[in-house]
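Once you've looked at the hints, go ahead and assemble the two chains, each given alone in its own frame, into the complex.
Quick mapping for you: the protein sequence lines, in order, are chains A and B. Per the numbering used here, the very first residue in the first sequence carries number 1; after that it's consecutive. Per the numbering used here, the very first residue in the second sequence carries number 320; after that it's consecutive.
Hints in this document: simulated from the structure, not taken from any laboratory. Incorrect hints may have been included.
[To be verified] To list a few chain A residues with every Cβ distance to chain B over 10 Å, as calculated:
| hint | residue |
| --- | --- |
| 1 | L6 |
| 2 | N37 |
| 3 | V38 |
| 4 | A59 |
| 5 | I93 |
| 6 | T96 |
| 7 | G99 |
| 8 | L153 |
| 9 | I160 |
| 10 | T190 |
| 11 | I306 |
[Claimed, not checked] In silico DSSO-like links for lysine-lysine, alpha-carbon gap of 30 Å or less:
| hint | chain 1 | residue 1 | chain 2 | residue 2 |
| --- | --- | --- | --- | --- |
| 12 | A | K28 | B | K498 |
| 13 | B | K501 | B | K423 |
| 14 | A | K187 | B | K483 |
| 15 | B | K476 | B | K417 |
| 16 | B | K483 | B | K413 |
| 17 | B | K498 | A | K81 |
| 18 | A | K188 | B | K392 |
| 19 | A | K81 | B | K340 |
| 20 | B | K501 | B | K476 |
| 21 | B | K340 | B | K409 |
| 22 | A | K302 | A | K81 |
| 23 | B | K321 | A | K187 |
These figures come from a predicted structure and were not determined experimentally. Each residue gets a CB set at the ideal place from its N, CA and C atoms; glycine is no exception.
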Amino acid sequence: MNKELLKKSQSLIALFVLCLAISLLSDKFLTANNLWNVLRQISVNVCISVGMTLVVLTAGIDLSVGSVLAFTSAVCAGLLKNGIALESFDLFIGFTTLGGILAALLIGLLIGVFNGWVITRFSLPPFVVTLAMLTVARGATMLYTQGMPISNLGTSFEYIGSGWLIGIPVPVWISLIVVLIVVFISKKTTFGRYIYAIGGNEKAAFLSGININSIKLAVYGIAGLMAAVGGVLVSSRLNSAQPNAGTSYELDSIAAVVIGGTSLSGGIGSVTGTVIGATIIGVLNNGLVLLNVSPFWQQVVKGLVILLAVIIDQKSKKK
Amino acid sequence: MKKGIFIVILLVLGYNSIYFKKLSEVRNQQQTSFDFKTFADSLYYQGILKSNNAVELSQLSALVQSNPDSAFKAYGNRLGIGNSAYFMVKGEGKVIEKQASGLKVVTDTHTILMVDTKYIFGNAIRDASGLVKLTDFKTNADFNKLSEALNNVIREKAIPEDLKAINVGDKITLSGATKLSKTQDKSTTLSILPIRISKTE
Numbered sequence: 001m002n003k004e005l006l007k008k009s010q011s012l013i014a015l016f017v018l019c020l021a022i023s024l025l026s027d028k029f030l031t032a033n034n035l036w037n038v039l040r041q042i043s044v045n046v047c048i049s050v051g052m053t054l055v056v057l058t059a060g061i062d063l064s065v066g067s068v069l070a071f072t073s074a075v076c077a078g079l080l081k082n083g084i085a086l087e088s089f090d091l092f093i094g095f096t097t098l099g100g101i102l103a104a105l106l107i108g109l110l111i112g113v114f115n116g117w118v119i120t121r122f123s124l125p126p127f128v129v130t131l132a133m134l135t136v137a138r139g140a141t142m143l144y145t146q147g148m149p150i151s152n153l154g155t156s157f158e159y160i161g162s163g164w165l166i167g168i169p170v171p172v173w174i175s176l177i178v179v180l181i182v183v184f185i186s187k188k189t190t191f192g193r194y195i196y197a198i199g200g201n202e203k204a205a206f207l208s209g210i211n212i213n214s215i216k217l218a219v220y221g222i223a224g225l226m227a228a229v230g231g232v233l234v235s236s237r238l239n240s241a242q243p244n245a246g247t248s249y250e251l252d253s254i255a256a257v258v259i260g261g262t263s264l265s266g267g268i269g270s271v272t273g274t275v276i277g278a279t280i281i282g283v284l285n286n287g288l289v290l291l292n293v294s295p296f297w298q299q300v301v302k303g304l305v306i307l308l309a310v311i312i313d314q315k316s317k318k319k
Numbered sequence: 320m321k322k323g324i325f326i327v328i329l330l331v332l333g334y335n336s337i338y339f340k341k342l343s344e345v346r347n348q349q350q351t352s353f354d355f356k357t358f359a360d361s362l363y364y365q366g367i368l369k370s371n372n373a374v375e376l377s378q379l380s381a382l383v384q385s386n387p388d389s390a391f392k393a394y395g396n397r398l399g400i401g402n403s404a405y406f407m408v409k410g411e412g413k414v415i416e417k418q419a420s421g422l423k424v425v426t427d428t429h430t431i432l433m434v435d436t437k438y439i440f441g442n443a444i445r446d447a448s449g450l451v452k453l454t455d456f457k458t459n460a461d462f463n464k465l466s467e468a469l470n471n472v473i474r475e476k477a478i479p480e481d482l483k484a485i486n487v488g489d490k491i492t493l494s495g496a497t498k499l500s501k502t503q504d505k506s507t508t509l510s511i512l513p514i515r516i517s518k519t520e
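Pulled out of the complex, with its shape left as it was, chain B reads as follows (with noise of 0.2 Å):
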């Protein structure tokens, strides 16, 4: 009798779990839906790189610490509330260190940048670029995804190229997208995640 229930409730537990489908149905049925990949692409070449909305760090700098609130409101991008937001910026610096992860840059104003080369995660481009909105999406998956596509346009061909050309030493400009708080320590060294690098000379 417990033996006859046990093999009841894991055929029930069996049929609710998992499901069976032809693998050729699955991949066609993954080709035809949108295509985050070539939207992602679209997104960084015509759009994030021809877009002319980032802030000279220094200029940003040099406002968050006289008047964060203003420097928030004219140049940060952010979905919710908070004291965070992201910043689309660029300027130019000298590469001090080239590590596995990324670069270590600093900048005439001696600010440190870490710049990520490798870890390129989460939804610092695509909001910082302030070129799409949740709305435009189904949902709030739809909207991660592209996060993730724009991410691996950036760090599996966009930022490799650029990055074969410099060393330590160089001179580079570089743009990005960085994550500020208002509450944050203003000494603290700044993380970019890179949309372009180039050497300068």
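Chain A with its partners taken away, still in its complex shape (with noise of 0.2 Å):
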């Protein structure tokens, strides 16, 4: 029973042990500023990684959600600027901060069914299919930017990425929101079960009756829709989308998920635990600017924790 606890608890334990030892480190670790500062930025890839967790959850991976996250904000911006000429009827139609949102988080959702659709309809490997689609979305994102940032996006679009709301970020409150949701449809739903029962045993999934494919179309879905969820405050953080944007976000929400506990391989896991893995990439980041770590050792020491909780996830398998 103590060990079954102390297995499920391994992430918040690491959680806790790697605070201390920056705390111990550096006095400014645990100063209000620099854990708002932790949180804000963690909040991005803390709406990536939720959706990545279904995905995963369904034995599966999306590899474009940086990408998609890339495209999503530089629609939504280049939206919110130019709105869409109409040259032929001397229409202009321009899009309000709620009109340029709703567009980003469309766009996401369709890529992400679109992907869904491609890996049930043809049967294809998921890693494929999205490392296709991380190219198409970038591409399509320099094609639609130019190459070129969309800057000065307003001030209550900024405000979605920098502002306050009751003492609190607004991007900490968007992050928790989102988890709670996600939360939610994992644990008290139908879709949920579902979900773990796909990746637990997919061919006994589909026996029992469990339409397998409409289920990953809306995890995939749920995934795109995340991803456009963090080009929102990403580019709202900077008040600019840039078409560089989200480059290895994917990577940050896999280990993210990997860190939390979720098995690569499906059916185990839990959204709670991608937000301590994704808060623990956050704390490293955050630990190791404080601590001076040139960032190149920074990318040395996040691999080997990613590295680490693969090891420990496949040991407790084997178990």
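See the structure below:
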């Protein structure tokens, strides 16, 4: 019983030890400003990672989230700044902040659903399909932005990424709401149970009457939607959409999922574990910066932590 | 019933998401608002090029190594607090590589300069110039628009003209903006966003 509890809490213990170590090494770590900053920084990864968790729970993977983030962020910025000009009708369609955000979310959702459709329709490995989408979405971002940032998106849009609400940064509120919704979906709904069932044993799930294709379609759709939420957060925080935004975010989100205890072979894991995983990565990044560790070493350390998490995952599965 | 609620939600969201205007009116409105392009043109040609606030690169490097606080106070420009500041620098060097994105230049003191001629973005030139400040503009967004317009003038007009005559092996003089940090590794290659490059021989 105690061993089981220890196993379940291993990421939380790792986070606690990490925080303790960094706070002993740097007096700046446990300041309110720094902690808010860490939370603000991890909120993007949290949003992307909770979507990724659902995908990984079905034994899939989505490598396109970073590029989808960039594309949706660019489209959102482009619509906010330039709207749509219909020359032949002498008509200008302008987008409010809400309109730009909704358009970005819709596009993210559609890209995710498309990924899911290709994977299920043609029985292709998710790794390959989403790798292709990674390139397509990045290319589309470059085409849409012409390789240049789209800046000055307005103060109300900027507020989403930089503002405060009841003493807490707005991105933290957004990621908290996203986490609560996805935790509810994964734990309290039939859809959530189906996700675990598919990841645990796809054949058994199929034989028990679960419509695997539609569940996968929805799961990849949610991952795309979450990437779009991340895109809105990133561009609003910078008040600008950068064509190279989100590069390697897919790796950070997969790392958060794995460190959080979700098995890459599906069926085991939780969204709360992923949130802890994303926090570990955020705290690790912040700690390494505070300790003046070279950025090159930071990458090495992050890679080793991910490797360690996968080894622990494999060992516990063998047991 | 459910369908009805869904349609109402869609209509409310749609009403609050988009608006329609005559395209010609929007274009007229854009023309009568503050002309960042003209302002950036004048800031570049009448202000930045004529002001004599660029510091010799060798002099700055020596001072940053020996007394960074003094170097940052005397020559650095920054909007907020922090360890980094923008500097307007000038110097001479030899072009050792001409790339699509810029020039690789070595100075007489063997410092390697990466002169970006294609990707001129950000606020480095605006801030290093020290000629405009945030309070001159109504909003942060307007202040950033100036950077965008200024970068456009340099990237699209000034630098392509300068670059035409420059080849590998040429000696050049250049001035431009660079960002330095008190904590950065002094041996790293220095990245410069140019405001003028000219061939000296």
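Checking against the hints above, which ones are violated?
The structure conflicts with hints 5, 6, 7, 8, 14, 18, 20, 21, 22, although it agrees with all the remaining ones.
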